[in-house]
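Under the UniProt record's numbering, the first residue of the sequence shown is numbered 1, with each subsequent residue one higher.
Everything labelled a hint here was simulated from the structure, so no lab data went into it.
Subject to a maximum C-alpha distance of 20 Å in a straight line, what follows is the list of computed PhoX-like cross-link-like pairs (lysine-lysine): (1) K3 - K56; (2) K170 - K3; (3) K170 - K58; (4) K58 - K172; (5) K172 - K55; (6) K55 - K3; (7) K3 - K58; (8) K170 - K55; (9) K56 - K172; (10) K56 - K170.
Between beta-carbon pairs, the in silico distance windows are: (11) K56 - S132: 32 to 40 Å; (12) R79 - S17: 20 to 28 Å; (13) S104 - G80: 16 to 24 Å; (14) E134 - D178: 32 to 40 Å.
C-beta: ideal position from N, C-alpha, C; glycine also.
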Amino acid sequence: MSKNYDYLFKIVMIGDSAVGKTSVLTRFANNNFSQSFIATIGIDFTMRTIELNGKKVKLQVWDTAGQERFRTITTAYYRGAMGIVLVYDVTDAESFDNIRTWISNIDQHASSDVEKLLLANKCDLVDERAVSVERGEKFAADNQMRFYECSAKTGQGVQEAFTQIARDIKAKLDRRNDESAGASGVAAGAGRGGGNSSKRRFLIGRLRRPGGGGGNGGGHKIKCSLL
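With these hints in hand, go ahead and build the complete structure from the sequences.
Here it is in structure tokens:
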């Protein structure tokens, strides 16, 4: 039985408890929102397939518990992740400050070149905002991450954020595939008197960043406004 997608990307969502990770994922996967809060116990995941440049990309998005007591369990799922979405609540300055700790966890447990995106949730709560857009943008730029603001309640910015991190992962994989195909072609030509090799390999999993550093430098961002 053939698979019905061209790419499969594992993405992990992390951040403090009650910042709205589950609500954001529910909005992305099912276009639903619930006002009630039920803390995630351990870890759960949802699948959704999107299309990028004519290719079907299946996203396996893992929703992790934010409580400290589950940290050992959740960090185990960082391994093999191709993208990580760090979520904070714009009305909760402490959840923003704690992003540094979450980045430290990524550095310890995830691939060194995993794609990262900083997602500021609850931007519809204008009168309760405690973290400015500018602070979020600067922090993301300083830590070489994309930055988006979103509202799980209204849906604003949610689709765009997940599409962007999927696009970044795909672009990185495509570059590696092209580089691998090019290197294989040179090797084959040298060994066979200049023959061409059209064979390409599809690479997925851990990737190495050439030359170190770089990153997205904040990249594309989306600001949220109350409609």
